[in-house]
Structures are given as structure tokens and as C-alpha cells.
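Chemist: Protein sequences, first through last, are from chains C and X.
With my numbering as the guide, the letters of the first sequence map in order to residues 1 to 385.
With my numbering as the guide, the letters of the second sequence map in order to residues 1001 to 1308.
These are calculated hints, taken from the structure and not from any lab test.
Careful, some of the hints might be misleading.
Straight-line Cα separation of at most 30 Å, DSS-like style, residue types lysine-lysine; simulated pairs [as the list claims (entries may be wrong)]:
hint : chain 1 : residue 1 : chain 2 : residue 2
1    : X       : 1226      : C       : 114
2    : C       : 150       : X       : 1204
3    : C       : 229       : C       : 263
4    : C       : 148       : X       : 1204
5    : C       : 114       : X       : 1204
6    : C       : 114       : X       : 1305
7    : C       : 186       : C       : 308
8    : X       : 1222      : C       : 150
Chain by chain, the residues:
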Amino acid sequence: MAKTLGPVKRKFSPWTDPNAVPFIRFENITKRFGDFVAVDNLTLDIYEKEFFSLLGPSGCGKTTLMRMLAGFEEPTEGRILLQGQDIRGVPPYRRPTNMMFQSYALFPHMTVEKNIAFGLEQDNMPKGEITARVQELLKLVKLEQFAKRKPNQLSGGQRQRVALARSLAKRPKVLLLDEPLGALDKKLREETQFELMDLQHTLGMTFLIVTHDQEEAMTVSDRIAVMDKGIIMQVATPAEIYEAPNSRYVADFIGDINIIEGKIAETASALGAPGTVRIESEGLSIAVDQECQAVKDDHVAFAVRPEKVRISLDAPADTSANAFYGEVWDIGYLGDFSLFIVRSEDGRFFRAAQANVSRLVDRPITFGDMVWLTWSRDAGLVLTR
Amino acid sequence: MANVAEANPVTNAGGPSWTRWLVVVVPYVWLILFFVAPFLIIFKISLSDYAQAMPPYRPLFEGVGAVGDFISQLDFENYIFLTSDSLYILSYLSSLRIAAISTLLLLLIGYPMALAMARAPTSIRPTLVMLVVLPFWTSFLIRVYAWIGILKPDGLLTLLLQTVGLMGPDQQVQIFRTDYAVFIGIVYSYLPFMVLPLYSALEKMDNSLLEAASDLGCPPWKAFWKITFPLSMPGVIAGAMICFIPITGEFVIPDLLGGADTLMIGKTLWTEFFGNRDWPLASAVAVILLIMLVVPIMIFQNQQKKVV
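Could you build all of it, start to finish, from the sequences and the hints given here?
Modeler: Structure below.
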């Protein structure tokens, strides 16, 4: 499934097209609950058939944003446009969105069948068509033999499937998924993530998913919006978010990363190569190939992912820059790779990951070894925010 | 201690076995002493004959030696008599009718109250529950007496209506000593018993179910009948039973507020016991009332078990 989707997804990038009209537009949205500002002057465009994730810690306003689109909350300020139409004041039961609730919110007194048919019955769809659609959905989520069961007679995974089928039944223009896979174990979650992507592809709907699970967001999304305290920190594709985070917050939130605070010592012109900066950080000198707005003596952070750091017992040829010397303090064996935590003499920590390519049980590098960590000039990046 | 508990976790779960035995036995002893034994006594009296004596019935149990003689004197004469006089059948039917109408009225008034309480902000809910329970702080009898003061022809209600000009100075409210007054008294007295079970059923309901219904295109008024009401059914049934059963046997309210033509089995029962001093017949009335109320409940509960 994932393989067939791969190339399609890469070609799909309406956000890069200046003429593309956004399907959903959040325009200067602010939402206050009393004194608490849940969403703070937020603007965001989502395009048709996009799989879009709102990612952030709990309380960052991502669920509030989704609930405003569903109609359960009204924005305090700003407006939401759906296909160019302002949807303020339109009650949830007249919006072309359907939501899969975090708690699933299945009707406990109705059978699986009845739950799925509920939305269709509200539209006064003919009985025969409802039956056919319900059968189709039951097949889609592989619950045909559970049609007559009540929700409390199902497992967590089955309930989640019913909730998904129910939210898909009306073929909404936008499907909202609120932490949809939170209650599932890892294996089932991964499986379902791919199923969701497949579904979105075949049904051609716009999916908006709220999650605090960065792995989930990375797997399923066309684009991710990383949120914090009611504002969007960055909107980008999963690869961009991972490889080019725009701030310390995003860099730290997504994946594992070394962040070193320092000061700009030299900028491009002084170093000779275009787009290069040198950072000094308490005796550590770091050179980065990057166009950078910051000027000399600005406080910045250097960030580099552990898997882009090489670890070696031997000193590199050039130790004047991008080299960190220290003692192996801790080793995290994660199966596919090992994470080395190295401590310098002045007590600073740096992390390097090494893929476990061979089945060596006796590792060449172990606790207490003095090692050199090195990285190339394009491995990391300078963060000014 | 910890070691012992680990070694034998099952039997130690509820302390030594005799305490657990006690916990099970106490309610049964209670039931036998205060329900089964009195019922058997009443049942025995209902099979006896009226007598001008103290106690006012025959035969009396005169020892184990005369037990055969004793049993031979018992018969179902009183029950047969109940069917011959239409007063009793009419009393039963009238009681059931009044109880049914009252329960319906209680539901109609109590449900919106309970719903409003359940939807109120969490912070004021305890206060609302307290307000519902507040009338219990005054004696039931006094509260019913208070209604006499309100409903009687020259009472507060007449005064109020005359003051606001809805009634001429020579007119009076003619409710007191009618079935209407009985309904007002019953609904007023039993309202907390209806509201509380309804409230507890509605309060438990997950609000996201209504959001889901709305999300799927169901407007709120429709969602009430499709989601809220069916899910509050246990509360509706509990409230209806808690009200219906004692209302059927109600004596004080019809006696104080009802008229001479307000027939209720409680009143009839009281008259037989204390007016006519016909204990055997009164006991028969009581036994029939009990069967009338218990049997349908048992059938209902059995069916509930099958559904679940």
C-alpha cells in the first residue's frame, strides 16, 4: 500500500502553487476561553485532498482548532472559510465535515450497523441505499460479522473501526480525526495508519488529523502544522519538518536532536564560502553551510540529528571545527541502531546514533571509551528562533 | 501479615471467612425479620375469620398440639368476599389509575428538571441537587397539611388569584377535596424521587455522544429522542417504579387532600383496619395489593435480564 502511494504523494503539493485555492482557510483565528487563549491569531490553509496533521503537545490548541471547523466551538475572532464560504454560525449538523472522536463516541444503545447508518438516516437516504452503503463500509473496515453487535461487545480496535466507518459513511468533504489511534497498541496503530492513507487516497477526501504522536503525523501526512500555545510554529512536509525545522521548539519536538547554544563568530564573507557561518560555543567551533539571517555575535542554536553524527575512536584529520571529544557516558541499544551519549570534559553531552549494520555483540566502542564525534558542514543547521 | 496475605490472597480478600458470612447474612436476617415474617403474619390473618375479641380474629395459634385444628379453620373466605363487593375492585383500579397518571405527570415535570440539572455547570450541580432534596428537611405530613392551607377555598391560592385580579372577590378555588388536589399533593411529594434517578442517569451521559449525533447531521431536538432519551431509560424506569409503587398504596395524601369520592386502596385498607376493625378482610386487601405490585415488577425484571 505504502509503496503505491509513495510517488503519488510526492507529486501532490498544491501549497507550492501560488494559484491554488485553499479548501479550508483559517483566517486570523483567535479562540479564548475566559482568560485562556487557546488559539492565538492563527492563519492556515489546507488544500483539497490533503492529508493534514495538527501536531503539538496537549493544550496547544490543536483540538480547539479542529472543533471550530466541526462547529462545536465558534472562533472568538477571525473566520473559517470552507471552499470560500464563511461557515460562522452554521451548526455542526449542517456542516459537510464529519469527525472521528477521540473517545469514538459510539452510541451504546445501537448496534454497529445502526451506528454506521445513523448519519445516513439523518439525510433521509432510502433504506435500500443505506443498507448497501453500510455493507460497503463494514467490508471496508472488515467488520461484516460484527454488524449486529453493540459497541460494548467489541474490542478497542474494533470500536475504533466502527467510529471510522461511521465518520466515513456520509462521504464528508473533510474528515476530522481527533487522536484517532491513541487507544491502540503500536502494531495495530501502524497498520491502521497505512490503512488510513490508503483510504484517503481511494476516497479522495481531505483529512485533518489531530495528534500528539509525531511518528503518526510523519507517517500519514502530506503536511504537518506543529503547534505550541495556540500558535503555529511551522507548517511543512514531514521531511522538511524533520530536516529543516525553523525553530528550537520544532527541532526538539520532532525526533531526537542535539541542540547547542552559541554565538555567531563569523559569517559567510569572512569564511570565504557563500552561505557559511561559524558558531563558537564554549570552546567548540562549528561551521555550517547555511544562508543565515543572523549577524556576528547573535545568540543562535546549532542543531544536528544524532544519526548525522559519526562516532570514532580515532581523531579526525581536522579537529578545529565540527568535532566533539568526550567519554562514552551511556549507550542506548534500540535494535536497529545504537544511541551513544558522549560527555565532554566540561560536562556537556552530545548524542550520536550508529546503525547496527553487523550483528556484532562485542561493540568496538563501549562505556568509558574516549571518542571523537564529527559531522559534516551540511549535517546540521543554525536556529535563530 | 503481608506474607500471609500473599500466601492465601483469596480467602484473605474480605477478612476472615466468618465476617464475610456475616455480611451476607445480615441483609437476609433483616429481610426475614421485617418483611417475610410480618407478611406471613398478615397472610395468616387474611385467612382467619372476624371476631369480636382482642385480637379481632379467630383462630389463634394455641400450641403445637392443636395445629391440625388450627389449619383446618383457615380459609380463603375473605378473598372471595373481596370479589363480591365492587368497592374493593374499584378502589384497586382507581389507585392504579391515580398512580399511573401521577407517574406520567411526574415524568413530564421531572424529566426537564433533571435534564436542566444535568446540563447545568458542574459547579452549581451539587446546589441544585440539594435544592431538590431540601423539602425532606420538613416532615412529610406538615408539607401535605401546608397544601390544605394553599388549596382550601379561602386559602392562599384563592387569595393570590383574587389579588392579581384573575378571580372576582366572590369566587373561590374549588380544588380542595377533589382528585386534582390529590394529584397536586402526590406530584409535589414524589417529585424528588422522580428527579434524582433521572438526574443520575442523565448526568452520567457522555456529552460527546450528542456532539457525534450533531456532527452526523442530527439536530438537537431529534438527538434528544434518538440519543438522550433512550440512554436515560434506566433512570426513567427506576424513577417510575419508585414513584408508582408507593403512590398506589398512598393513604395520607388522598385522606388529607382528596374528597369523599376519591377512592384509593390505601384509604379503603385503613377504613377496614381501624374503622370496621375487620383485620382479616383488611389483611386480604393488603396481600392482594402486594401481589398486584410485586408480580409485574418480577416479570419486568426477568425480561430486563433477558435483554441484557
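Chemist: Determine for every hint whether it applies to the structure shown.
Modeler: Verification of the hints:
1. Of the pairs offered as hints, the one joining residue 1226 (chain X) and residue 114 (chain C) holds, with about 11 Å between alpha carbons and a cut-off of 30 Å not exceeded.
2. Restraint check for residue 150 (chain C) and residue 1204 (chain X): satisfied, since their Cα atoms lie roughly 19 Å apart, inside the 30 Å limit.
3. The hinted pair formed by residue 229 (chain C) and residue 263 (chain C) meets the criterion: a straight-line CA distance of about 27 Å does not exceed 30 Å.
4. About 25 Å separates the Cα atoms of residue 148 (chain C) and residue 1204 (chain X), which keeps this hinted pair within 30 Å; it holds.
5. Taking the CA atoms of residue 114 (chain C) and residue 1204 (chain X), the gap is near 22 Å; set against the 30 Å cutoff, the hint holds.
6. Simply put, residue 114 (chain C) and residue 1305 (chain X) have alpha-carbon atoms about 23 Å apart, close enough for the 30 Å limit, and the pair holds.
7. The straight-line distance between the Cα atoms of residue 186 (chain C) and residue 308 (chain C) is roughly 27 Å, inside the 30 Å bound, and the hint therefore holds.
8. With a C-alpha separation of about 22 Å, the suggested pair residue 1222 (chain X) and residue 150 (chain C) falls inside the 30 Å cut-off, and the hint holds.
Going through the hint list in order, the structure satisfies each hint without exception.
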